[in-house]
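A.B. asks: What follows is the residue order along each chain.
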Amino acid sequence: MTSNGRFPPGESLHTFVVYVEDKPGVLNRVASLFRRRNFNIESLTVGHTEQPGISRMTIAMRANDDVAKRVVANLYKLVNVLRVENVTALPSVVRDLALVKVQADPATRAEVIQVCDVFRARAVDVTPQSLIVEITGTEDKIDGLLEVLKPFGILEMVRTGRVAMTRGTAAPGDSHDSAAAELPNSPAG
Amino acid sequence: MKRKGAQIIWEVLAQEGVEVVFGYPGGAILPAYDAMLDYPVRHVLVRHEQGAAHMADGFARASGRVGVAMATSGPGATNLVTGIATAMMDSSPIVCITGQVPSAAIGSDAFQETDITGVTLPVTKHNYLVTAVEDIAPTMREAFHIARTGRPGPVLVDISKDAQLASTDYQPDGGPVRLRGYRPDLRALPEEYERAIELISAAERPLILAGHGVMMSGAMRALLDFVERAQIPVAMTLLGIGGFPASHPLNLGMMGMHGEAWVNYAIQEADLLLAFGMRFDDRVTGNLKTYALHAKKIHVEIDPSEINKNVPVEVGLVGDLRETLETLLPHVPEKRHAAWLSFIDGLKGDAAVRDIQGLPDNGHLYAAHVINDLWRKTKGEALVVTDVGQHQMWEAQYYRHERPFTLITSGGLGTMGFALPAAIGARFARPDDEIWVVVGDGGFQMTQAELSTCAQEGIKVNVAIINNGYLGMVRQWQEFFYERRYAATPLRNPDFLKLADAHGLAGLRVERREQVEAAVDWARRTPGTVVVDFRVEQEDIVYPMVPAGADLHAMIRRPSPIVESALD
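The listed protein sequences correspond, in order, to chains A and B.
Once you know that position 94 of the first sequence is 87 in our numbering, the rest is easy, because the numbers rise by one and skip nothing.
Converting from the second sequence to our numbering requires adding 661 to each position, the first position being numbered 1.
Think of the hints as simulated: they come from the structure by calculation, not from any bench.
Quick caveat, the model's predicted, so the values are computed rather than measured.
Any given hint could be a false lead.
To be verified - In silico EDC-like cross-links for lysine to aspartate or glutamate, where the CA-CA straight-line distance does not exceed 20 Å: (1) A:LYS16 x B:ASP796; (2) A:LYS16 x B:GLU1063; (3) B:LYS1040 x B:ASP1006; (4) B:LYS665 x B:ASP796; (5) B:LYS970 x A:ASP58; (6) B:LYS950 x B:ASP964; (7) A:LYS16 x B:GLU803; (8) A:LYS62 x B:GLU1144; (9) B:LYS950 x A:ASP59; (10) A:LYS16 x A:GLU43; (11) A:LYS62 x A:GLU43; (12) A:LYS16 x B:ASP964; (13) A:LYS70 x B:GLU1063.
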């Protein structure tokens, strides 16, 4: 991912996939680490994985490459962190989900739905005066939809923040090579 | 066998080889204290929980083993925090066990409830809240494992009262601790070693920066072998002192804000810095933009997150320092750096004429004299525990440590009040060694209540109060940078000899230099903890000084020829 102009020179948006033990307080440890080290989180999502007892976080942050490496090293210092991948430069699928409540009376409803179709968004709730629109996609795509919905009147909006998954068959957990690449050094033995 | 949680705490402590615990009882930890009476452990009753954490820290630093502190919930636990943060900053392995309110009451703002795992999250290596009796033993074993391995550090285990009171079937588990997400045994890759060797071979003006890691990894011998083979001079961080013999011709002394001038100049002139178990603290580097600009850097460090944190390096070798040095050694070229060493010698000559030791005895007692005479009388072999401030820097400059683990001091956090409790902890680690507390009059008063602990436990440490009637280092900053406006730095002190006397301890006042050696002799032969009140020059200054954030070579030097600002 390259800098899109929102960031200072040298900084870009980095996306980390972090596997953590599913234990109380782990989210707090990760969030506290970012706060304490003055790393800025753009978004953080957390949820279950295919493996019981392991949660997966997707963390987006702006940083230069050196800081991004230190983020990985610092995350590994947390005892409950099992694995960290900086997927920024890897081919991956990145998605954000948004629910948008838009003003839409019978006069404008058709137009709103038409706009949504263009973005492959869909209406999931309708009232006489509003619609709830669900959209999944990259942040750019969602930003684009919001831009065109704005004139209709956005009443409420919520976004999940990005989740990411690398492309290809191998799950990151299948191999330790990529972990070694992220750490300054490979684990012994 | 059936055991209560409170008993399991002591079972595991015994299994971990813990013989002494520093602590203070209270409601939520009472079950553990009650169970303690049936176990052969020495408990040291402190006067404030901060002291317990510092004692555990001092014990750890003096022994190389894990120190243990115990406290109750709420204020007992929060009082530990300064000591935990101190241990964190200096990578000292301690385990703190705190009682917590019963699990059903957690979150209800119960009496003496504090979220101590939340409070200590940023100042512990790891911490735990245990609310089930079955979890006590495995958690405590993990805590010791984490505290002592990798880059050591403090671990806190908060145990709810109901977990202490509940019973379970307990079987000691002697197996290795396995933690999926914890990897303390990182090693550098072969190609990184090769790059390091290339840089070392090519260097003409190399310099080793030796830190705390030398002693933490037991790399003293490996460092000596490395230095003697490669003939590379060594500069020490404050916490590195003792890791390399002071009298060795290639030991240049301390670097940094109050380091030797020739060391800081040498760093700025070097073409290769070999950073061994140190972390480029701001007190060591000064302005990063102008730091060692001519030097390539090799950083050997056990904590990957330290590499490229403050100073970008050409080669980062992650791993245990001793192993790394032993791996490097056979490949390091035997080389003379004659021109470089004689250049540094030239820098030394300039500094020597400014040394306060050259000052004739003019009737004034300088702290540097006290330290120097203490060093001479103890042949540099005492264990010195310092507090924080001017006296700490003078100790580092004038007490020449020949052996490892003979200086214990709060470096990273700079915790005033550290010295006396840390020395008490060290006493239990080193029952036969001569121990001196070198402490300012300000810092001493922060934890002087622990004199009672000395008296109650019947232990001996020699307390040298470097008493200048000021918070001396702060006053020095005010003198240099705040137009001598001495805001809140003059101290009206109690009579420290009466204070000692109130504890049944002996005290002595020293006001002239010729009394110093006799006072040291007196302290050594007087049984029990003694307090020596050295009334030193009030407005003395630690030279040289790199002002905070200034270039490392931009030191404020002692005026030459010697003119003491404090002289009449």
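A.B. asks: Against the structure, test the hints numbered earlier, and report the numbers of the ones violated in rising order.
C.D. replies: Of the numbered hints given earlier, those the structure breaks are 2, 3, 6, 8, 11, 12 and 13, listed in rising order.
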